[in-house]
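K.L.:
Chain A is fixed; fit chain B onto it per the hints.
There are 2 protein chains.
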Amino acid sequence: MEQNILDDIKNMEKHVGKLSSAQKILLTTDGSVTTILDVLKGHVHINTLIQEFVPAGKEMARNLDIEEGEIVNYRVVVIKSDLEPLIYAVSLVPIKRLDKNFKEDLIKADIPIGRILKKHDIESRREVISVFVEEDDENLREIFNTNSPMLSRIYYIIHHDEVLISLKETFPYSLFQE
Amino acid sequence: MEQNILDDIKNMEKHVGKLSSAQKILLTTDGSVTTILDVLKGHVHINTLIQEFVPAGKEMARNLDIEEGEIVNYRVVVIKSDLEPLIYAVSLVPIKRLDKNFKEDLIKADIPIGRILKKHDIESRREVISVFVEEDDENLREIFNTNSPMLSRIYYIIHHDEVLISLKETFPYSLFQE
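Listed in order, the protein sequences are those of chains A and B. Those letters in the first sequence? Residues 64 to 241, per this note's numbering, in order. Those letters in the second sequence? Residues 64 to 241, per this note's numbering, in order.
Bound-form chain A, shown alone:
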């Protein structure tokens, strides 16, 4: 674990209060978040809120190491248990790096990315870029039906030495407290 990420976790605790073990792990793990949610909350599923193809703007292109204007799959989902929304996730995937089967699963079906990677036996590594307390966001407050502070992280899933998926995940401090 990089020291700067550990330091940022400590800074988050100064803002929102002590983080639970589960919260710390969800913010820093390089493993599948779907797998963690499955064991903590029972088999989870997703609701896709947005699913579209967009040309990369300047910043997006730089982050993903592609050319401006290249097409990116932009997906916004809520990962939920049978009871409640758990994690709000925004993913960016440069479509030129997707093989056909992965692309179909990403576009057609409500399958969490962790499960798609597993299904296709994709070898990868994950790099946590940042963890932080989210700015006040009405949309997130509505989705989770809480005024609790929101905890976020941004990370990359790297495959063949390139960013295959850039992810931002957010959950309220009121969840995963034990």
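Calculated from the structure, these hints are not laboratory results. Do not rely on the hints blindly, as some may be mistaken.
Which copy is meant is left open, because identical chains are indistinguishable; a pair holds if it fits in one copy or across any two.
Here are the simulated lysine to any residue pairs, SDA-like style, with alpha carbons at most 20 Å apart [claimed, not checked]:
| id | residue 1 | residue 2 |
| --- | --- | --- |
| 1 | LYS73 | GLY105 |
| 2 | LYS104 | GLU167 |
| 3 | LYS163 | LEU103 |
| 4 | LYS182 | GLY94 |
| 5 | LYS171 | LYS182 |
P.N.:
Leaving out everything else, chain B in the frame of chain A:
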């Protein structure tokens, strides 16, 4: 997460009592355990107890998908915080699947495997084979200085579609309770 692993977690709870979120995650994650320990316990380090090369017996060869007699690196370590032992880990690595730099780090230095993989930017996937309550083991009781039941899992780290590392990790039920 495969259903049989989730069922086995429930069975373990019948034997030892309720597992905490951190315990469930440590037993089932497909991410780096070192990374999780770093964020929960501060930067961890390892003590190497055994480090040798052994010819694969019949069962080991079958599990690793190598020929009987091929050489395997057998390493037993304790991952510790500054305060206490946290996880007892046994790893098997067929040396023909190791590149030179990885091999040097594995043999020469007290570096946790998760950190070696990260250092060399190795893309992989992890497959949890089994989770279970350990048979009574005096060695483990001594290392952790407790009579608490021991929780174990076996998993593979797969790289280039082959088992690069087979791992067994064990920790006492008395640890990671929150």
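K.L.:
State for each hint whether it applies.
P.N.:
Going down the list of hints, with the structure as the test:
no.	hint	in the structure
1	LYS73 with GLY105	between (29 Å within a copy, 11 Å between copies)
2	LYS104 with GLU167	neither (27 Å within a copy, 41 Å between copies)
3	LYS163 with LEU103	neither (32 Å within a copy, 39 Å between copies)
4	LYS182 with GLY94	both (15 Å within a copy, 16 Å between copies)
5	LYS171 with LYS182	within (15 Å within a copy, 36 Å between copies)
Against the hints set out earlier in the document, violations occur for numbers 2, 3.
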